[in-house]
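Student: Chains as they are written, first to last, in our numbering: chain W, 1 to 924; chain F, 1 to 651.
A couple of the hints might just be wrong.
Said to hold, decoys possible - Derived Cβ-Cβ restraints for the label pairs, each shown as a range:
hint	chain 1	residue 1	chain 2	residue 2	range
1	W	33	F	74	39 to 49 Å
2	F	44	W	33	49 to 59 Å
3	W	334	F	115	30 to 40 Å
Source of the hints: derived by calculation from the structure; they are not laboratory data.
All values reported here derive from a predicted model rather than from experimental measurement.
From the three backbone atoms N, C-alpha and C, an ideal C-beta is built for every residue, glycine too.
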Amino acid sequence: MAGLAPRVEYLAGFSCPLGGLAAGKPRVLCHGAEIFLSTGSELVYVYDREERLLIAVYKFPGQVWDLELLALRRALYVLCARSGIYCLSLDQDNRSVSRDDKDDGDDQDSEPPDPVIPVHPDTCVLPDATLHAFTVLDDMLVTLAQGPTQWKVQLFERPCPGEDCRPGGQIGEVELSTCTPPAGSLGEPAAPRFLPVLCCASPPGSRAPHSHPWGSGGITLEGALFGLLFGPDASLLESPVILCGLPDGQLCSVVLKTLVTSRLAPGDPKALVKILHHLEEPVIFIGALRTEPLSEDVGDAYCDCVVALGHHGRTLAIKASWDEAGHLVPELREYSLPGPVLCAACDRGSHVYHSTPSDLRVVDLAQEGSPWDPTQCDGFPGGLPSLLCPASLSICSVTTLSVSPRVLEGGAELLALSAKGRLMICSLDLRSETSHPTRVTSANAGQKIKELLSGIGTVSERVSSLKKAVDQRDKALTCLNEAMNVSCALLSSREGPRPISCTISTAWSRLQLQDVLTATCLLENSSGFSLDRGWALCIQVLRSSRALELDSAISAVTYTIPVDQLGPGGRREVTLPLGPSEDGVLDLPVTVSCALFYSLREVVGGALAPTDPFKDPSLDECTPDVLPAQEGVCLPLSEHTVDMLQGLRFPGLAAPHTQAPGSLSPARDPIHTFLGTCCGPGSQPAGSASLRAKYLPPSVATIKVSAELLRAALGDSHAGVSLCCATLQWLLAENAAVDIVRAQALSSVQGVAPDGTDVHLIIREVAVTDLCPAGPIQALEIQVESSSLANMCRAHHAIIGRFQPVFIHLAAWSLGDLIRYTASATGGTSCCPSGYRDLSALPQRPALGGWGTLFPGSVWDLRSSPGSRPGRFQKAGREAALSWAKIGTAVPRPEAKDGQREVGSEGKGPRRKSLASKPPSGWG
Amino acid sequence: MEAPPGGQGSVRFSRKGCLGPASATMAHKTPLGSSASQASCLDLWREKNDQLVRQAKVAQDSGLSLRRQQLAQDTLEGLRELLHSLQGLPAAVSVLPLELTVICNFITLRASLAQGFTEDLAQYIQQGLERVLETQEQLEARLEHGLRGLWESVLHISSLLPELHTALHHLAGLQAAFWLSTHRLGDLTLLLQTLNVSQSRASEDLLLLLKTWRPPAEESDAPLTLQNARGLRDVLLTAFACCQGLQELIAGNLPRALSSLHEAASGLCPRPVLVQVYTALGTCLRKMGSPQRALLYLVAALKEGSTWGPPLLEASRLYQQLGNTAAEIESLELLVEALSVTHIPEAPQLLIEVELLLPRTDPASPLHCGTHSQAKYLLASRCLQTGRAEDAAEHYLDLLALLLDSSEPKFSPPPCPPGPCVPEVFLEAAAALIQAGRAQDALTVCEELLSRTSSLLPKRPRLWEDARRGTKESPHCLPWVSATYLLQGQAWVQLGAQKEAISEFSRCLELLFQATPKDKEQGPASSCEQRCTSDVALQQLRAATLISRGLEWVASGQDTKALQDFLLSVQVCPGNRDASFHLLQTLRRLDRRDEAAALWRRLEAQTELPQENATWSLPLYLETCFGWIRPPDRETLLEEFRTSLLETCDL
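Could you build all of it, start to finish, from the sequences and the hints given here?
Tutor: Given below as C-alpha cells:
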C-alpha cells in the first residue's frame, strides 16, 4: 500500500481548549452535505461542506460526550455529561431562526459567528446523570449507565424529539460486569478518561434496517459470524445485538430481543450477557469489516469480521471460518498496533484507520494472497493476516474520525477532527495497490506516475529534513566536545600560565573630542583547541565605588563579544571605553573581569528543537528539560582593577611632540574653557580647580613604608636607581607614562586625575623615630597631594592597593618588621567627616590575611581646609571610605574622630577647636 | 462567621443561645457578636434544609417524570452544597444535629434516586460520625476499626450529648438500611445491640432487635427530615422480615419462613410488596401441604393490586399439583393476559422504601414470574403436555409470531434461559402442529427454522464431498437440525408422502450418525444445546428416527428394511421399549420365531425392572414424537405373544 497519498482538505477550524482536544469525546458525523461535530465542549456544530459554512451551533447544558444521528427521522441525539440524552429535530423550520439571522451576513467574508442556539433542558428526552454511552436503533434507544458498582445496559423505546421518555418506556435492563467508579472525594465524580463504546450489530436478514449503516456504529454482520458470536438464538430471532467495549477492556454482547425485563423480573446477566473477549486495556473502538472480496452473485455486502481496538494498540479481529472438518469455528486474532490509539474507524472495505498522536495509520485486514476460490476444496476461507502492517497517512493527532458515506472509486473519504480543532476531509486512494497491476491503463499511467513522483518528493523531503536534523546533532556534539576540552584545559591548569589568557591594559585615547580611558583586553589562545561557535568573551566592568550604593545594579556593565573562530595561537583584541562618561565622571577604581562563556542553547538548542513536525508531541514536551537551567558554561579568565595610578596623566612629563593639544585639560567644561579664555593668558589658572587650589590648601596624605621592606620587595630590578625613583616607577608601572618617569628618574610627579584636578605624588626618604625604641627606622614617605579630597583618597587607595599584595608576600619572612604608617592631612580642622565616623561605627572586622597584623592600630587623621563646607567633605569622605571598604581591608578606627587628638598639625588649633566644640548638627 | 472552638463551654453557650436567652453565667466565655452571627447562620442553614426537604416533597408529588427528576436532582445538589458549607467549619455540638440531619436527608434522597445504596454513601455516614468524635477530640481512638468501631465509640459518647440523640438514631437507621441491603447482618446486629443497650439485653435475633429499637421521636422544632427514624425503623423491620422469609423459603425451612412472612405481612407494606409476601406465603403453604390455605393467600394477593403475575403463576403450580388441569390452564391464560399489559411502575417514592432493601428477584425465586412470552411458552407447553394439541398449536403459533414479528410496535421478549432455547420452541411448535393435524404448517415452521440458521450449518457441498471421500472426521451437526428433519419426516408421514418422509428420515440419520460425542466441545455451545447434544438425547433421537423410518418401510411393505431399522434402533437405544416392540412385531410378521421369542423373554424380564431412563426428561418435541410412533397396543401384543408361544410350546 505504498501509494496511499492522502489528499487533505481543511474545511474549518473549531475552537479548542489550550493544549488541544482530548481524544475520546469529540465526534464527527456526516449526513449528506451536513457535518455534525462536537469537540467535547458544550457545543454541537452543524457544518455544510458544500457551501463551506457553519449552519448552526447548539449549546447544550453539559459537555457533549456522544452524538448519534437518525437520518431518516431527521433527529440528532446528543448525550450530555451528567445530564442525559437530548433529542433535536433537524427539520429546516426548526433552524429557521439561525438561518434568518445569518442571511444578512452571508455575502461577507467577515461574517459574525453564528448565533449559538441554546438547547433548552426541556428537550432532554432521557434524564439520567449516570449515562456514559448510548446508541439509537430505529425504534429503540440503548444506553449504558454506570451504576454504583456495575455497568448497566438499558433499553428504551426510542423517544421522539420533544417528547418525554414515557414512564413505561424502559423495556429492559441488564447489568454487565463490575466497574470501578472513578475514585475521588465525595462530591462530583471526575470526568472519566475513557468512555465505553457501544456498537449495534444486526444479522443480515434483519427486517429493521438501520438508517445509518455507516454513520455511527451500526454494523450488519454475515450470518455465520453473527450466529457464531452471539449464538443461534440471536440468529433465529434476527435480533440486533449490542456490543459493549468497556474501559476495563471487556468486550461483551447483549442480544437485544432477549433483553426484556420488568421490575419483578430483571435480566439475568449470566443468561443475557456474553463476554466475548478481554482486551485488558480500554476499548476505544468496535467496528466491522468486509475482508473477503464480494462474489458477483451476492448482492449485499455484509461484514465478515469484527474488530476492536484498545487504547494501547491491542487489536482484536474475529472472523468466522470453517475448520478442516467443515465446522464453523471462530477465528480470533490479536494484533498489536502502535498506540496510544486516539480513535479509529473502518471503511466499507477491509481497512481500519487508527489515529495516534503522531500519525494516522491504515491497516488492511483482507486476507493475504489470492482471494478464496469457492471451487477450491483445500483452501479455507477466512484467513486473517498473521501480521498487520500499518501504512502511514502522515496526518497526526486526529481525535475523531468517521468514514464519510460518499463513495469514492476505489478509495475512501475520511472526516477527521484534529487536536487543534481543525475539521478536514482526507481523500484516500486505495486503488494503487500492487494486487491490481492490470488496472493501470495508459490513461491513468500518467496520473499514477505523477502520484509516485509526488510520493517520492514527500519522502525525499522528509529524508532531507531528517538528515539535516542528524547533521545538526552531530555538529552540536562536536562543538560540545571541543567545549569540554577547552573547559578541562582551563580548569585543570591552576598553576602556571593558563592556556587561554586574557590580559587587560589601559590607555588614554581620544575619541570624539573627548579623552577616554580605554581598556584593552587581549585574548590569547595558546591551547591546542580552537574556540568556535558558541564561545563568547564576557567583559564585566564594575564601577567599584558605586558597588556599595543602593543602585549597584547599574554600575556593572557586561560586554559580550562572540569569539568567532579563534584557532590555536590566535589572539583577539577588544577595546572598551571605561570613561569618563558624558558627565565627565570616572569613578576609579574600576574592576574589569573577563570570562569565556559557552552558550549551550546556541549550540545544542537547535539540535534538540523539534524539527520533525510528525514527531510525537509528548516527546517534544521534554525538550526544555534537557537543557540545563544555566544556559551555558562560564570560565573566568582574569580580573583587573584600574585604579587612580593607572588613570593619572602627566601632561608635564610628556614630550612636546607627543602632546596633543587639548589633552592638557581633559574633559573641560565649555564654560570653564570660556572663563579661562576670558581671564586671558598669564592670569591665574582658571576654573574651579584653580580657584580651589588658590583658596583651599590641598588635601595631603602621607604613607610611610619601611625602606628595608620596600627594597626587599622591589628586588634587584631597580638597582642603580634611588629607592624613591624606583618606588615611583613601581607605583606607576601600569601607567603609560612610566617610561618617561624612568627616563627622567623622577621622585615626584605632578599628574592630572581624570576629572582634571591635579594630583601630586612626592616620595622622599625619612627616618621614623617614634616607632622603635632601638632607634630610627629608615622609611620612605609617599605623599599624595590633591586639591580634591576624593582624588587624594583614590590615589591613596591605589598606593595602598599596590603595597598590599607585596607585603602579604613579604610578611611570610619578615613578620618582625613593624611598619607604621601614618596618614595625615595638613591645613584642615581636626573634625572628622561623617563618612569616617560612619565607618567607625562599623564593627571592627578581623583583618584579611596578614594585613591586620602588619598594621595594628593605625592612626588616622584627616584635616580639611577651614573654609570648606561640611557637605563637600562629607561626600568626599564617604567616597574615600567606600573605596576602603571595597578593597576589604580592616578599616582602621579613626581614633581622633572628635578632633581632640592632633597629629602633625601646627597653628590651626583654635579654629579647629571651635569647630569641634560646635559640630554641625547634621553630622551627628 | 467564626465557628466556635470545639471546647465545651462555648458550645454549650451557643446552644443555649439558640434555644433562648443566653445564660448570664456563660456569657463571658464567648464574644457576643460571634454568638449572634452564628445563631443566625445556623437558622439560615436550617431554613435552607427545610426548604430543600419541602422541595423534595414537591418533586415527589410532581406528575411529570422529567420535571420530577430534575427537581429531585436539584434538591440533591442543594443538600450537597449545604453539607459542604456545614462541614467547612470545625465540628460543634450546636451545629451537629442539623449537620447530621442534612447528611440523613442527603443519603435518603440519593439512595432513593439511585435505587440502591452505594459505597460512597457509607463514606458520608463515616464523615458524620467523625465529626461527632471531633467535638470530643477522640477522633484517633477507633478509626482503625472501620465503621463499626466508629459507631461503637460514637454511641458510647452519645450519652454525653443528649442533643445529638435523635439525629444519631436517624443516621443509625440509614446505616442499618445500608448494611441490610449489602447483607452485612453481623455488623447490623452489633449496631442494633448497641442502640438497644438501654432497653433490653443483647439478643441475636435481628427481628427482635429491630422490634425493640425505639428511635426517639423528633422534636417539633427540629430541622425537617425526608423520612424520620421511626418510619425508617418500620421499613427496615418489614424488609428484613420479608428477606428472611424468602431466604428460608428457598432454603426449605418452611415453618420459619412462614413465621417471618407472617411478620412481614403484618407490618407496614406497600402493595406490591404485600402481593409478593402473600404469594410467598402461598408457595410456602403449598409446599407444606395446605393447598386450600395457600389458595386463600393467593386470592388475597390477587385482590391486593396490580401485580398479578406471581400469584397467578403460583396458582397454576398449585392447580397442577392438585391435578386440576382446566384450572391450571385457565390461570396460565390469565397470567399471559396479565403480563401482556404493560406494567407501568409507579415512580418510586423519594424515601427509603421496602423495595429498595429487598434483593432483586432472581429466576430461582418463587416470586419470579417471567415475561409475557415466557408465560405464553409455559401455557403452550402445558397444553401440549396435557394433550390439548389444538390449543397448544395455537399458542405456539402466537408465541412464534411474538418472537419473530418485529413489525409489531410493542417489543416482545422471547423465553430466555433457563427456559428452552429458541430452536426448541420452534421444534415444539412443529410437534404441536403435527399433533393437531396441521402437517403443512409444521413443515413451514421447520423450513423457517432451517432457513434462519442456515448460515450456521456446515457447508452443504463440502459435507457431501467429504462423505463421498470418506473423511474420517464427521462434520459437526447442530442437534436441532436433525430433529427438524425428523419432524419434517413426521409431517410428510401425516400427509401420506412416504417417499419424502423416508428421505427426510434418512437425511436425519445421516447427520445423527456422523455426530460423535467429541463434537460436543466444538461450535457454539449454549446450555440448552449441551442438553440437546447429551448422549441420552442423541440416542433417543436416533431411536425415534430409526423407528419412524422403519414404520414407513412397514407401511410400504418392505419388512426387511424395516427389520433392519428396528434392529438398529434397539441397538442404539437398548432401553427403549418401543423399539423392541416394533422389532418384535416385525419379527413375528416375518415369522422369525426364535428371535422373536428371545426378544420377548428379554422384554418380559425388563418389565419387572424399573425404567432406567425414568429420571431423564426428554425434550418435549421428542416426547411428543415418541407418542406418535408408540405401538398402540403393547400389552395386547405381549399377551398375544405369550399365548402363541405357549401354544407353540404345547405343540
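Student: Look at each hint and say if it fits the structure.
Tutor: Evaluated hints:
no., hint, result
1, 33/W <-> 74/F: 39 to 49 Å, "holds, 41 Å"
2, 44/F <-> 33/W: 49 to 59 Å, "holds, 57 Å"
3, 334/W <-> 115/F: 30 to 40 Å, "holds, 39 Å"
Checked against the numbered hints given earlier, this structure breaks none of them.
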